[in-house]
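**Student:** Every letter in the sequence shown is one number past the one before it in this note's numbering, and letter 36, counting from 1, is 24.
There's no promise every hint is true.
Stated by the list, open to error - Keeping only pairs whose Cα atoms sit at most 16 angstroms apart, straight-line, the calculated EDC-like set for lysine to aspartate or glutamate is:
hint, residue 1, residue 2
1, 37, 0
2, 44, 2
3, -10, 56
4, 33, 9
5, -10, 34
6, 37, 47
7, 12, 28
8, 12, 34
9, 40, 8
10, 37, 56
11, 44, 28
12, 37, 9
13, 33, 2
14, 44, 0
15, 40, 9
As the list claims (entries may be wrong) - What follows is a set of in silico ranges between Cβ atoms, one per label pair, in the way DEER data are often shown:
hint, residue 1, residue 2, range
16, 60, 0, 13 to 23 angstroms
17, -1, 60, 17 to 27 angstroms
18, 61, -1, 29 to 39 angstroms
19, 30, 5, 14 to 24 angstroms
20, -1, 55, 29 to 39 angstroms
Derived from the structure by calculation, the hints contain no laboratory data. Where is the CB? At the ideal position from N, CA and C, for every residue including glycine.
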Amino acid sequence: MKVLVIYDISNDNDRNRLAEDLKKLGLTRIQRSAFIGNIDGSRLKDLMKVCKLRTKDSDVVHIVQLCDYDWRKISVIGKPWSDLNSLEGGVVL
-11 MKVLVIYDIS NDNDRNRLAE DLKKLGLTRI QRSAFIGNID GSRLKDLMKV
39 CKLRTKDSDV VHIVQLCDYD WRKISVIGKP WSDLNSLEGG VVL
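Kindly produce the complete structure, drawing on both the sequences and the hints.
**Tutor:** Spelled out as structure tokens, the structure:
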């Protein structure tokens, strides 16, 4: 499945650790606090665990699951952080 992860974490260390964890899970950064990519069911559980570990009560993480139809409808205006077309074949996990 494809997921979009968007977060607002106030603590720099927790925010940086979450970003590194998301990269290790095979997600691609598309904005400072947004990652996207393909993930399987077991990795989704890992993603949830990591996000809970890195957040405090004042923080928020949104995990949005995208179907193939919605994935194809993504529009980017301006200069993208990362090339979404490179994710078309999927991120190998």
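**Student:** Hinted pair, alpha-carbon criterion (16 angstroms max): residue 37, residue 0. Please report holds or violated.
**Tutor:** Between residue 37 and residue 0 the Cα gap is close to 19 angstroms, so the pair fails against 16 angstroms, i.e. violated.
**Student:** Does the structure keep residue 12 and residue 28 at a Cα separation of 16 angstroms or less?
**Tutor:** holds (14 angstroms)
**Student:** Take a look at whether the Cβ-Cβ distance between residue -1 and residue 60 falls inside 17 to 27 angstroms.
**Tutor:** violated (36 angstroms)
**Student:** Does residue -10 pair with residue 34 here, judged by a C-alpha cut-off of 16 angstroms?
**Tutor:** holds (15 angstroms)
**Student:** Evaluate the given range 14 to 24 angstroms for the C-beta pair formed by residue 30 and residue 5.
**Tutor:** Given about 21 angstroms between the Cβ atoms, the range holds.
**Student:** Tell me if the straight-line CA distance from residue 40 to residue 9 falls inside 16 angstroms.
**Tutor:** Answer holds: residue 40 to residue 9 is near 12 angstroms, not above 16 angstroms.
**Student:** Please verify whether residue 33 and residue 9 have alpha carbons no more than 16 angstroms apart.
**Tutor:** holds (13 angstroms)
**Student:** Check whether the Cα positions of residue 44 and residue 28 lie no farther apart than 16 angstroms.
**Tutor:** Roughly 26 angstroms between the alpha carbons, so the hint for residue 44 and residue 28 is violated.
**Student:** Is 13 to 23 angstroms respected by the C-beta to C-beta distance linking residue 60 and residue 0?
**Tutor:** violated (36 angstroms)
**Student:** Within 29 to 39 angstroms: is that where the Cβ-Cβ distance between residue -1 and residue 55 falls?
**Tutor:** At roughly 33 angstroms between Cβ atoms, residue 55 and residue -1 fall inside 29 to 39 angstroms, so the hint holds.
**Student:** Take a quick look at whether residue 12 and residue 34 sit within 16 angstroms of each other, Cα to Cα.
**Tutor:** With a Cα-Cα distance of about 11 angstroms, the restraint between residue 12 and residue 34 holds, given a limit of 16 angstroms.
**Student:** Between residue 44 and residue 0, is the straight-line Cα distance small enough, at 16 angstroms or below?
**Tutor:** holds (12 angstroms)
Going down the numbered hints, you'll see the structure goes against 1, 10, 11, 13, 16 and 17, while the others check out.
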